Amino acid sequence: EAGVTQFPSHSVIEKGQTVTLRCDPISGHDNLYWYRRVMGKEIKFLLHFVKESKQDESGMPNNRFLAERTGGTYSTLKVQPAELEDSGVYFCASSQALSGSYEQYFGPGTRLTVT
Amino acid sequence: AQSVAQPEDQVNVAEGNPLTVKCTYSVSGNPYLFWYVQYPNRGLQFLLKYITGDNLVKGSYGFEAEFNKSQTSFHLKKPSALVSDSALYFCAVRIGGSYIPTFGRGTSLIVHP
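Chains as they are written, first to last, in the numbering used here: chain A, 1 to 115; chain B, 1 to 113.
Hint data in this document are derived by calculation from the structure and do not stem from the laboratory.
Keep in mind that this is a model prediction, so the values were computed, not measured.
Using N, Cα and C, we set each Cβ at its ideal position, and we do this for glycine too.
Be aware that one or more of the hints could be misleading.
Just a few of them, taken from the derived set where beta-carbon distance is under 10 angstroms, the chain A residues facing chain B [to be verified]: (1) Tyr33; (2) Gln55; (3) Asp56; (4) Ser58; (5) Gly59; (6) Tyr74; (7) Cys92; (8) Ala93; (9) Tyr105; (10) Gly107; (11) Pro108.
Sequences are here, hints too, so could you generate the full structure?
Okay, structure coming up:
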């Protein structure tokens with residue numbers, strides 16, 4: 001079974017530019033999550049999709065961040081325009097059921113550097 | 001609100017020695033506790049979890065963790081460390097009614113040959 005994949009693995013952009021991150025969840029997983037880890041800090045929740053719907057986007061930092069999940073399969077996270085403080089590692093995760101002791105399966109992350 | 005503390009940024013241990021990576025938590029309710037590991041250039045991998053039952057939980061790669069309710073701790077342990085255990089370890093907590101875990105800052109484990 002293929003795991004969660006993310007693209008690109010690294011991205012270096014200048015302040016003010018736009019970047020789009022992609023996440024492909026495990027096939028059949030309706031739930032998809034985005035997280036971010038700034039260097040040395042906690043991994044913080046950004047948002048949660050159930051199929052194509054945004055279930056919870058309370059962790060999105062501001063309106064420069066836009067997440068989509070068209071068709072309920074892969075998801076994209078766009079940052080426009082990027083700022084220096086957006087640098088960090090962006091993780092995607094997916095899971096099946098929400099009830100009980102479910103686990104989230106994480107991708108390798110995209111390391112974003114804004115210069 | 002829920003929170004996790006990993007008090008050590010880095011843990012150093014010699015190969016073959018026992019290791020402990022500390023985690024304490026705070027939740028209003030019964031906790032679901034998790035440990036994840038991140039190897040270089042890899043994603044977070046699930047190691048083990050505590051939901052209910054036996055306080056000692058065994059997981060992947062010979063790791064185990066002990067849930068201590070009175071001390072609100074969930075320390076990760078391994079009897080004999082391997083150099084290949086060197087990685088970044090994250091503790092996480094959520095309550096049963098929440099689907100989003102709260103993570104700690106991570107602890108870098110370095111096992112010396």
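Results of checking the hints against the structure:
1. Tyr33: holds (7 angstroms)
2. Gln55: holds (8 angstroms)
3. Asp56: holds (7 angstroms)
4. Ser58: holds (9 angstroms)
5. Gly59: Since chain B brings a Cβ to about 8 angstroms from A/Gly59, closer than 10 angstroms, the hint holds.
6. Tyr74: violated (16 angstroms)
7. Cys92: holds (9 angstroms)
8. Ala93: At about 8 angstroms, which falls below the 10 angstroms cut-off, the nearest Cβ of chain B leaves the hint on A/Ala93 intact, so it holds.
9. Tyr105: Result: holds, 7 angstroms to nearest chain B Cβ.
10. Gly107: holds (5 angstroms)
11. Pro108: holds (4 angstroms)
Comparing the model with each earlier hint shows a violation of hint 6 alone; every other hint is respected.
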